[in-house]
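**Q** Chains A and B are the protein sequences, given in the same order. Going left to right, the first sequence walks through residues 1 to 277 as our numbering numbers them. Going left to right, the second sequence walks through residues 1 to 277 as our numbering numbers them.
It is worth saying that the hints were derived from the structure and are not from the lab. Every residue gets a Cβ at the ideal spot worked out from N, C-alpha and C, and that includes glycine. Careful: at least some of the hints might be erroneous.
Some chain B residues flagged as far from chain A (calculated, every beta-carbon gap over 10 Å) [unchecked claim]:
#1 Thr23
#2 Ala29
#3 Val57
#4 Arg105
#5 Leu129
#6 Ser135
#7 Ser165
#8 Leu199
#9 Thr208
#10 Asn238
#11 Met259
#12 Val262
#13 Asn266
Derived, one-sided and incomplete: chain B residues facing chain A with beta-carbon distance under 8 Å [said to hold, decoys possible]:
#14 Gly169
#15 Leu173
#16 Leu182
#17 Ile186
One letter stands for each residue in the lines below.
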Amino acid sequence: MPVQTEPPKIQIRDRRPLRGADEAGTAKKVAVRDLNFFYGRVQALHNISIEIPERIVMAFIGPSGCGKSTFLRTLNRMNDVIPGTRVAGQVLIDDHDIYAPGTDVVELRRRVGMVFQKSNPFPKSIFDNVAYGLRINRVTSSSSELAGRVEQALKDAALWSEVKDRLKTSALSLSGGQQQRLCIARALAIRPEVLLMDEPASALDPIATSKIEELIFDLKKQYTIVIVTHNMQQAARVSDTTAFFLLGKLIEVNSTEKMFTAPNEKLTEDYITGRFG
Amino acid sequence: MNNSDYIRRANSAFMTAMTALCTLLAVGALLIILSHIAWQGIGSLNFQFLTDSPRPVGEGGGIGNAIIGSLVLLLLASGIGLPLGICVGVYLSEIGRGRFGGAVRFIVDTLTGIPSIVTGVFVYAILVLPMKHFSALAGGVALALIMVPIVARTTEEMLKLVPHSLREGALALGAPQWRVTLGVVIPAAAPGIATGAMLAIARVSGETAPLLFTAFGSRFFPSSLNEPIASLTVQIYNYAISPYDEWHAQAWAATLVLMTLVLSINIVVRILTRKKF
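Only chain A is shown next, with the shape it has when bound in the complex (with noise of 0.2 Å):
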C-alpha cells in the first residue's frame, strides 16, 4: 500500500474524451476494504467492502437509517465535520487511501463531488452559485473562462436554457427541482472525479425527478457515480451496479439487472419484493 507522505497536488482535470461502452467500468476507482463506523459508541457501519469501477452509476438501497447515506458520507470524508464519529478501515481512492494521515481533505471534495439530499444553495446568484468552486479553487484565470466554465457546467445539468438570462438574480428564486440542478451544477462545475449524491431527487416532483434521472445516466459518460435512493424503481432505471445495505452491512452487490431479477441473497429479494423495509 502507497502511503502518501505529502498531499496529492491540486489538478482539476480536464474534461476527459467519451470513451465506448464497453471500456466503461473496467477500471477500478474506489475501493473499500473493512471499513467500520461508529458514531459515538454505535456502531454504523460494519466490515464493509465494495469496489467501484470507473464511470458506472452504483446505487446505494436499502431501508432507512441501515448507514447507506453515512457509507456514502465517508467517501469524501463529509462525517469528519460531525463530532465524535470515527473510522477504522481504508477507502481507496485511485489506490489511495483518504484516511492516511497527510491526506489533504479540502483536495479529497475537490475529487470527489457531492449532491446533497435537501437542495442547499448559497444564498448568492445562480451564477456565483456555480462560480464559487470554481473561484475557491482558482481554477480558472480570467472571467471569461470562469463564464464558459459555469455555462457549460449549467448545460451538463440541463439548466442553462431555464436560467442563461437571470444568471444575477438569487438563486433561492428557482423552483425546488431547478434548485437541485443547480446543486448539480455547482458540484460539476469543478470537474469532480467521483460524484456523489445522496437522495438527490428525494423532495422532487415526478417530473423534476426525470429530469435529474435523465442527467445522471448522461453524466456517467465523464464521471463514476454513486447515488443514494430510497426509491427501487429508481434504482433499476439509473444505475449499473446496486448495493444492498441493511443494519449497516453490505449484504449484496450486484448487476442491476441481476438484482432486480435474481439476487443471490435471501435477505435483498425479501427486501425488493416489499417483504421488509
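Place chain B on chain A using the hints.
**A** Coordinates of chain B only, in the frame set by chain A:
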C-alpha cells in the same frame, strides 16, 4: 353550538384581547414618552442650538459640540467593539465548541449583565489614571466594552441559524473551513449580525454613566481624541440636574436630537444590510 365549543371560543377571544391589551400598553407607553419628548424639545430646536457650543445661562448656546462628540464616541466604540464582538461571536459559533468555548460563552453572558457604571470605573482605572486625564479615547473604549458581549452573543445566535447544509455544501466543494465561514456563513447571516450591531450601537448611544468617568464632557468642540469630549447624554444629564429652566428646555431638545440620531443610524443600517438574495 355545544357548550365546549362556546368555552373554547370565549377562551380564544379572551386571550386575543389580553395580548392586544398588553401590546397596546407597551407601545402606548413608548408613544407617550416619544411624543412628550418631542413636545417638550421641539420648542428649543433651531439652527443655532444644533451648531453652537454651550453658553452661560441666558445667552442661548447649543449642543453642536455634543452632537459631534457623541458621533465621535460612537464611531470609536463601533470601530473597537464591533470587530471584536463579531470575531468572538464567530469563534463561539464556528470554532469554540469545547470546554473553552463554554467558558468564553459564560463570561460573555456575565459581561452583558455588568452595570455600565462599573465599566466606566474600570476604564477610569486602566486608562484615565495612567494617562492622568479624561479623554475621548477612554470614553470610546468604555462604550466598546459594553458593546462586545451584546454583539458577540447576537452574532453567535445569528450564525447558528445558518443551516448546517450550507456549510456542508461549501465543504463538499473543497472549500477550507475559513472560506466557508467568511464566504458563505457570515454573508448568509449578515442582516442578523447587522441587527445585533445596531442594537449595541443604540444601547451605548444612550449610556451616560461610563462616560462620566472617561470622556467627562467639555464645553468646546473636540480637537483631539486625547482630551475630554462632550456627549449628548452627559450634556443632557448636566442640564437636567441644573436649576435653570432654560437648560431644562435645552435638555429636552438634546434628548430629541439623541433619539433622532439613534433612529437615523437604525434606518441607514437597515437600508445598507437589506437582504439582497
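**Q** Determine for every hint whether it applies to the structure shown.
**A** Against the structure, the hints come out as follows:
Against the 10 Å criterion, B/Thr23 stays outside the reach of chain A, whose nearest CB is about 32 Å from its own CB. With a minimum CB-CB distance of about 38 Å to chain A, B/Ala29 clears the 10 Å threshold, and the non-interface call stands. With a minimum CB-CB distance of about 57 Å to chain A, B/Val57 clears the 10 Å threshold, and the non-interface call stands. Residue placement check: B/Arg105 keeps its beta carbon more than 10 Å from all beta carbons of chain A (closest about 17 Å).
Under the 10 Å C-beta cut-off, the non-interface status given to B/Leu129 relative to chain A holds; the minimum distance is some 46 Å. Annotated as non-interface, B/Ser135 keeps its C-beta farther than 10 Å from every C-beta of chain A; the closest such distance is 43 Å. With a least CB separation of 4 Å from chain A, B/Ser165 falls inside the 10 Å interface cut-off, contrary to its annotation. At roughly 22 Å from the closest C-beta of chain A, the C-beta of B/Leu199 stays outside 10 Å, upholding its exclusion from the interface.
The beta carbon of B/Thr208 sits about 40 Å from the closest Cβ of chain A, which is more than 10 Å, so the claim that it is off the interface holds. Distance check on B/Asn238: its Cβ is at least 48 Å (rounded) from any Cβ of chain A, clearing the 10 Å threshold; non-interface status holds. The claim that B/Met259 lies off the interface holds: its Cβ sits roughly 34 Å from the closest Cβ of chain A, which is beyond the 10 Å cut-off. Look at B/Val262: its CB is around 29 Å from the nearest CB on chain A, clear of 10 Å, so calling it non-interface holds up.
The claim that B/Asn266 is not at the interface with chain A holds, since no C-beta of that chain comes within 10 Å of its own (minimum 23 Å). Annotation: interface hint on B/Gly169 holds; nearest CB of chain A at approximately 4 Å, less than 8 Å. For B/Leu173, the shortest C-beta to C-beta distance to chain A is roughly 4 Å, which falls under 8 Å, so the interface hint holds. Interface restraint check: B/Leu182 against chain A, minimum CB-CB distance 10 Å, threshold 8 Å, status violated.
Hint on B/Ile186 is violated. Least Cβ distance to chain A is approximately 11 Å, over the 8 Å limit.
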